[in-house]
Amino acid sequence: MLILLKIVTFLSGLIALVVGLAMLVFFEKFVEINDHINRNYFVGEVYDVGAFKIERWLFDRNYLLSLIFLFSGLLLLVIFSLYVFY
1 MLILLKIVTF LSGLIALVVG LAMLVFFEKF VEINDHINRN YFVGEVYDVG
51 AFKIERWLFD RNYLLSLIFL FSGLLLLVIF SLYVFY
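Residue 26 in the UniProt record's numbering sits at position 26 of the sequence shown, with consecutive numbering throughout.
I should point out that these hints are in silico values taken from the structure, not numbers from a laboratory.
Virtual Cβ for every residue (Gly too), placed ideally from N, Cα, C.
Please note: incorrect hints may appear among the correct ones.
Said to hold, decoys possible - Okay, the calculated beta carbon distance ranges per label pair:
no., residue 1, residue 2, range
1, Phe71, Met1, 17 to 23 Å
2, Leu2, Ser72, 20 to 26 Å
3, Tyr63, Met1, 33 to 39 Å
4, Ala22, Met1, 17 to 23 Å
5, Ala22, Ile79, 18 to 24 Å
6, Ile3, Leu24, 29 to 35 Å
7, Leu67, Val8, 34 to 40 Å
8, Leu74, Ile7, 30 to 36 Å
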């Protein structure tokens, strides 16, 4: 049972990392698709939030999704390495 848990943890972490990296690599393509869907989208548009200026791409859901996949994949691989080495 523990071996199955290790295999599932490793594979899910690896898949999450690959999906996150693919989304980051093809992020420009996602921006183009969003631009065709929503004509109001401009890359580099800046929001004033208090003292901070935050570019609009930080709020783009595809970018945030790719970061979530990357960090969850890294977390699962760290958990897997803890299983193996401890």
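Here's how the hints hold up against the structure:
no., hint, result
1, Phe71 x Met1: 17 to 23 Å, "violated (27 Å)"
2, Leu2 x Ser72: 20 to 26 Å, "holds (21 Å)"
3, Tyr63 x Met1: 33 to 39 Å, "holds (38 Å)"
4, Ala22 x Met1: 17 to 23 Å, "violated (32 Å)"
5, Ala22 x Ile79: 18 to 24 Å, "holds (22 Å)"
6, Ile3 x Leu24: 29 to 35 Å, "holds (32 Å)"
7, Leu67 x Val8: 34 to 40 Å, "violated (23 Å)"
8, Leu74 x Ile7: 30 to 36 Å, "violated (18 Å)"
In terms of the numbered hints stated before, the structure departs from hints 1, 4, 7, 8, listed from lowest to highest.
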